[in-house]
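Chemist: Given next are the chains, with one letter for each unit.
2 protein chains.
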Amino acid sequence: MAGMDLRPLLQDNGSKIILYVWDGLGGIGAGPEGKTELQAARTPNADRLASQGTCGLLEPVYPGVTPGSGPGHLGLFGYDPVEYQIGRGALEAVGVGFDFRPGDVAARLNFCTLDSKGAIKDRRAGRIPTDESKRVVARLAEAVKEVDGVEVLWAPVKEHRALLVLRGEGLGDGLEDTDPQKEGVPPLEVRAASGAKANVQTAKTVQKVLAKAMKAIADEKKANGILARGFAKRPQWPSFQERFGLHAAVAAGTPMYRGVARLVGMDALEATNEIANDVASVAAAWEGYDFFFLHYKHTDKAGEDGDFDAKVHYIEEADSAIPALEKLGPAVLIVTADHSTPSAMKAHSWHPVPVLLAAETARRDGLSEFNEIACLRGGLGLRPSTHLMPLALAHAGRLAKFGA
Amino acid sequence: MAGMDLRPLLQDNGSKIILYVWDGLGGIGAGPEGKTELQAARTPNADRLASQGTCGLLEPVYPGVTPGSGPGHLGLFGYDPVEYQIGRGALEAVGVGFDFRPGDVAARLNFCTLDSKGAIKDRRAGRIPTDESKRVVARLAEAVKEVDGVEVLWAPVKEHRALLVLRGEGLGDGLEDTDPQKEGVPPLEVRAASGAKANVQTAKTVQKVLAKAMKAIADEKKANGILARGFAKRPQWPSFQERFGLHAAVAAGTPMYRGVARLVGMDALEATNEIANDVASVAAAWEGYDFFFLHYKHTDKAGEDGDFDAKVHYIEEADSAIPALEKLGPAVLIVTADHSTPSAMKAHSWHPVPVLLAAETARRDGLSEFNEIACLRGGLGLRPSTHLMPLALAHAGRLAKFGA
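Protein sequence lines, in the order shown, are assigned to chains A and B.
Using the numbering used here, the final residue of the first sequence is 1014, and nothing's skipped along the way.
Using the numbering used here, the final residue of the second sequence is 1014, and nothing's skipped along the way.
Where hints are given, some of them may not hold.
Identical copies look the same in the list; a pair holds intra-copy or inter-copy alike.
[As the list claims (entries may be wrong)] Result set (DSSO-like, lysine-lysine): computed pairs, CA atoms no more than 27 Å apart in a straight line:
{"no.": "1", "residue 1": "Lys1011", "residue 2": "Lys911"}
{"no.": "2", "residue 1": "Lys1011", "residue 2": "Lys626"}
{"no.": "3", "residue 1": "Lys956", "residue 2": "Lys626"}
{"no.": "4", "residue 1": "Lys645", "residue 2": "Lys1011"}
{"no.": "5", "residue 1": "Lys807", "residue 2": "Lys937"}
{"no.": "6", "residue 1": "Lys1011", "residue 2": "Lys768"}
{"no.": "7", "residue 1": "Lys832", "residue 2": "Lys807"}
{"no.": "8", "residue 1": "Lys1011", "residue 2": "Lys956"}
{"no.": "9", "residue 1": "Lys744", "residue 2": "Lys645"}
{"no.": "10", "residue 1": "Lys768", "residue 2": "Lys744"}
{"no.": "11", "residue 1": "Lys956", "residue 2": "Lys727"}
{"no.": "12", "residue 1": "Lys1011", "residue 2": "Lys792"}
{"no.": "13", "residue 1": "Lys792", "residue 2": "Lys731"}
{"no.": "14", "residue 1": "Lys825", "residue 2": "Lys956"}
{"no.": "15", "residue 1": "Lys755", "residue 2": "Lys1011"}
{"no.": "16", "residue 1": "Lys818", "residue 2": "Lys937"}
{"no.": "17", "residue 1": "Lys626", "residue 2": "Lys755"}
{"no.": "18", "residue 1": "Lys645", "residue 2": "Lys755"}
{"no.": "19", "residue 1": "Lys937", "residue 2": "Lys1011"}
{"no.": "20", "residue 1": "Lys822", "residue 2": "Lys1011"}
Rather than coming from a laboratory, the hints here were simulated on the basis of the structure.
Take these sequences, add in the hints, and give me the full structure.
Modeler: In structure tokens, the structure reads:
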């Protein structure tokens, strides 16, 4: 279901909203003491806000469905992730700040190491540092600029990752990945996912592009091969501004999160994944926007590493930034997550994420702590994450009465 | 909403799921002590699982809608009962293990007692025992084998109930019941529910079938009349295997529940409604399946009888079977119900049913008992029963991440 169209109700009262996402925040409490990371952490600021605001739990995509980073955030932004699907290449392109235009086709590249027979020895090329990757990408950009009349663009991302963008008329993005997902075999040929002419033609072009590219870097010790994944065009979605009447900015140090925010039309602020820096970015841009999406990455990383204590530590660090955000005077300050990443599972999970919404208009629900279990008794209940944006707008006084 | 298509996310990790249904489990606590049957019962095993797993409440069909046995189970199986509707005749046919083929039309029959003027004296023929019913069905099978070129098949069910199946070309199942739902009047004529030719033609044939049949058993003392209900074809639905990637089996001693499970493609195991026997059936088939639906009937019967104490007793019996199920080592063990049957109401009801999901990946929600009231604070919240299957798959590690 696409949800209710809120546009007729929107009113601009000049109020501001901060969405502060602690990536992968949710846990499952499967450890010996049965606590989640958030329960174990000291979060005096979030606890205080919980006692003044209202809490609950958000289900990111669909019951039982574990979200990737894109869908997890889209839900928080009010875009049903099942309806608004996006390829990894497109997300990456927008994420690195690439001038990704309608009609372009992007793919995410992983440099890999090939042996003398062309079989994959290391799918991540020894996770070469970003600087080395930049050097190799520069070689590619020099060697492969145009194939079959299609412009070929290359950009470094991080470590062994890079971006390929094709620009031309009538390109198709229905192409399959060339990553065989295992070592000891060569990269796959580029195949069209359907018989559509645009796909078939583009597959041929990409095959030539990759062959030419690998020839150009054949003398590299580590990054002498390329795997391409997630071919995609830029989706054409109604913007955050159109849907919610909010001029929005993102402060996220990681390209992926910046990318998904830009896909809905948010402006990217300078960000480094140092929370004090990123909060300062929000503060510096305060007058220019209605809505700020501030992303805190380290909690997710610790969860994926299976490091309970580190996740607790980073939750506490994220909490410590709250007073600086309050000082800016937002009408609504939200703390939540894009998905759970329980350290016991070392991976994203489907478990609902805790949400805290602080606003003068919030109904006090009697909670005095912010965690997954307390939130079960919170005033927002358990609901799809797509409900968050309407609630944020309402608490900010930005939604007029419906009906006479 | 039809729900999210999970097929692209399915992954087979060899894990197993048990769905243990305590039929009619939910109560309303309307008695003097204000307890539900489940609150009053001693359920040490379910309570222990609740403390290790996660709980909640499921709404079977739609808020306020009281489910019959078919819809109640379909929701648990992940088939929206409003979307997947099925006639009682079809359910009965599959339930008794009848070779019910696409195109066949089935009806559920009740033997009744007619007086000398042909009016109904007893709508259930004194609830004649199954053996007597079998004898009468054998007479019918001998007397009425074909009408209007349509093959006519008969099967006994239980007590005064039987099954009629028509097999032929172009049959319609849009036929109205012949049961007037009261005594002192004759059975109704068979009427087509619409003017569609297949229905009109089939109505004529069935009228002849029933007339011929009642003539053949006119000398019976009790079962000398027939009431036909729920004319239906076998629905053609996507199977449980197709939708969820699970090879599934049912252990249910009552034909109705076996029937609904078979309609979604589950294999029927031997079952007798003796819980130790039915658990042993599951154990014996353990290696052959991914998913087991184990049905416990007696709780519902006690509720319908308005017998609070008996329902408590049977809940305790159902609970006692849990350790044997745990010993099999399922990744996910679910205890729940198809609907509530409060003994105070002596009938099925619409009240949400408690659900308990035990799995290593379950978020501990701090509950230490399993009942309708404790479950209000459970981690699964209150949700439609169609959410159960996605959650079961997720907790079993059978759903891959959605999106990048």
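Chemist: Honestly, which of those hints from before does the structure not fit?
Modeler: Result: hints 5, 7, 9, 11, 14, 15, 16, 17, 18, 19, 20 break, sorted rising.
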